[in-house]
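K.L.:
Same order as they appear, the protein sequences are chains A and B.
Per this note's numbering, the very first residue in the first sequence carries number 9; after that it's consecutive.
Per this note's numbering, the very first residue in the second sequence carries number 9; after that it's consecutive.
Keep in mind that the hints were calculated from the coordinates and are not lab data.
The structure presented is a predicted model; accordingly, all values stated were derived computationally and were not measured.
Keep in mind that the hints are not guaranteed to be accurate.
[What the hints assert, rightly or not] Far from chain B, by Cβ distances over 10 Å, these chain A residues were calculated:
| id | residue |
| --- | --- |
| 1 | Val20 |
| 2 | Thr38 |
| 3 | Leu53 |
| 4 | Asp66 |
| 5 | Lys76 |
| 6 | Ser92 |
[Said to hold, decoys possible] Negatives, chain B to chain A, calculated, CB over 12 Å:
| id | residue |
| --- | --- |
| 7 | Gly11 |
| 8 | Gln14 |
| 9 | Thr23 |
| 10 | Ala64 |
| 11 | Gln93 |
| 12 | Gly113 |
| 13 | Asn114 |
[Claimed, not checked] Here are a few chain A residues that face chain B, going by a calculated C-beta distance under 10 Å:
| id | residue |
| --- | --- |
| 14 | Leu16 |
| 15 | Ser35 |
| 16 | Tyr39 |
| 17 | Tyr41 |
| 18 | Gly48 |
| 19 | Gly50 |
| 20 | Phe96 |
| 21 | Cys97 |
| 22 | Ala98 |
| 23 | Gln107 |
| 24 | Trp110 |
| 25 | Gly111 |
| 26 | Gly113 |
| 27 | Leu116 |
| 28 | Pro120 |
Glycine is no exception: its CB is placed at the ideal position from the N, C-alpha and C atoms.
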Amino acid sequence: GEDVEQSLFLSVREGDSSVINCTYTDSSSTYLYWYKQEPGAGLQLLTYIFSNMDMKQDQRLTVLLNKKDKHLSLRIADTQTGDSAIYFCAESRMDSNYQLIWGAGTKLIIKP
Amino acid sequence: NAGVTQTPKFRVLKTGQSMTLLCAQDMNHEYMYWYRQDPGMGLRLIHYSVGEGTTAKGEVPDGYNVSRLKKQNFLLGLESAAPSQTSVYFCASRSTGVNSPLHFGNGTRLTVT
Chain A
9 GEDVEQSLFL
19 SVREGDSSVI
29 NCTYTDSSST
39 YLYWYKQEPG
49 AGLQLLTYIF
59 SNMDMKQDQR
69 LTVLLNKKDK
79 HLSLRIADTQ
89 TGDSAIYFCA
99 ESRMDSNYQL
109 IWGAGTKLII
119 KP
Chain B
9 NAGVTQTPKF
19 RVLKTGQSMT
29 LLCAQDMNHE
39 YMYWYRQDPG
49 MGLRLIHYSV
59 GEGTTAKGEV
69 PDGYNVSRLK
79 KQNFLLGLES
89 AAPSQTSVYF
99 CASRSTGVNS
109 PLHFGNGTRL
119 TVT
């Protein structure tokens, strides 16, 4: 199948860590991406990981890739109210001319 | 440096009416894309272009046409709007590198009644 799957919602308390998960199906994926969409805006690239890596860290963000299980996660440490957004997982496939295949997006809700 | 600009931001059409959505980018990007975003679904690619004068069909091209007469502009046309085309439309562009990121506009919210 072609699906990239994500849970639609995640609720966390301010200050806790958020972990957003994504599964994909195609082993020809080259890059995997996380995009962030704030209300009323377009998507912005948050981070990405090459398929031969298993981890990437960038300040409060940690991306983990389990290629065997085709599982990607995004961890946001010390979640803040400004992190409220929809987070999209996307994969770039060599056999699709590097067109991105998108998940449905996970809405991150921050509780005070 | 405006990035990717979409116009209009909002539009309401009656069934059967036509309209054109405009996308302009000032980053000299070769590749441009039109997506639609619907609740509970990921972005779906409508049409794309890999350079001036070229267009190609994406995942959901039916009912839409596009043109790329100038490198900086990518137009999306609806010839006869249908309620199923009610959606938020996003334009994006990127340079030619394999891992070059997509730059998105802020979207056009279209309602067809």
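K.L.:
Determine for every hint whether it applies to the structure shown.
P.N.:
These are the hints, each one checked on the structure:
1. Val20: 21 Å, holds
2. Thr38: Violated, since 7 Å does not exceed 10 Å.
3. Leu53: 4 Å, violated
4. Asp66: Answer for A/Asp66: holds, closest chain B Cβ roughly 14 Å.
5. Lys76: Given a closest Cβ separation of 23 Å, the condition holds.
6. Ser92: Non-interface label on A/Ser92 holds, nearest chain B Cβ at 17 Å vs cutoff 10 Å.
7. Gly11: Check fails; 9 Å does not lie beyond 12 Å.
8. Gln14: 8 Å, violated
9. Thr23: 26 Å, holds
10. Ala64: Contrary to the label, B/Ala64 does not stay out of reach of chain A, its closest Cβ about 9 Å off (not over 12 Å).
11. Gln93: Fine: 19 Å to the nearest Cβ keeps B/Gln93 off the interface.
12. Gly113: Check fails; 5 Å does not lie beyond 12 Å.
13. Asn114: It is violated; B/Asn114 is separated from chain A by about 5 Å at its closest Cβ, not greater than 12 Å.
14. Leu16: Nearest chain B Cβ about 6 Å off; hint holds.
15. Ser35: 17 Å, violated
16. Tyr39: 5 Å, holds
17. Tyr41: 8 Å, holds
18. Gly48: Holds. Min distance 7 Å.
19. Gly50: 3 Å, holds
20. Phe96: 7 Å, holds
21. Cys97: Status holds, d = 9 Å.
22. Ala98: 8 Å, holds
23. Gln107: 7 Å, holds
24. Trp110: 3 Å, holds
25. Gly111: Interface hint status for A/Gly111: holds (5 Å vs cutoff 10 Å).
26. Gly113: Constraint on A/Gly113 satisfied, holds at 7 Å.
27. Leu116: Where the cut-off is 10 Å and the nearest Cβ of chain B is about 16 Å from A/Leu116, the hint is violated.
28. Pro120: Where the cut-off is 10 Å and the nearest Cβ of chain B is about 26 Å from A/Pro120, the hint is violated.
The structure fails to meet hints 2, 3, 7, 8, 10, 12, 13, 15, 27 and 28 from the earlier list, while all remaining hints are met.
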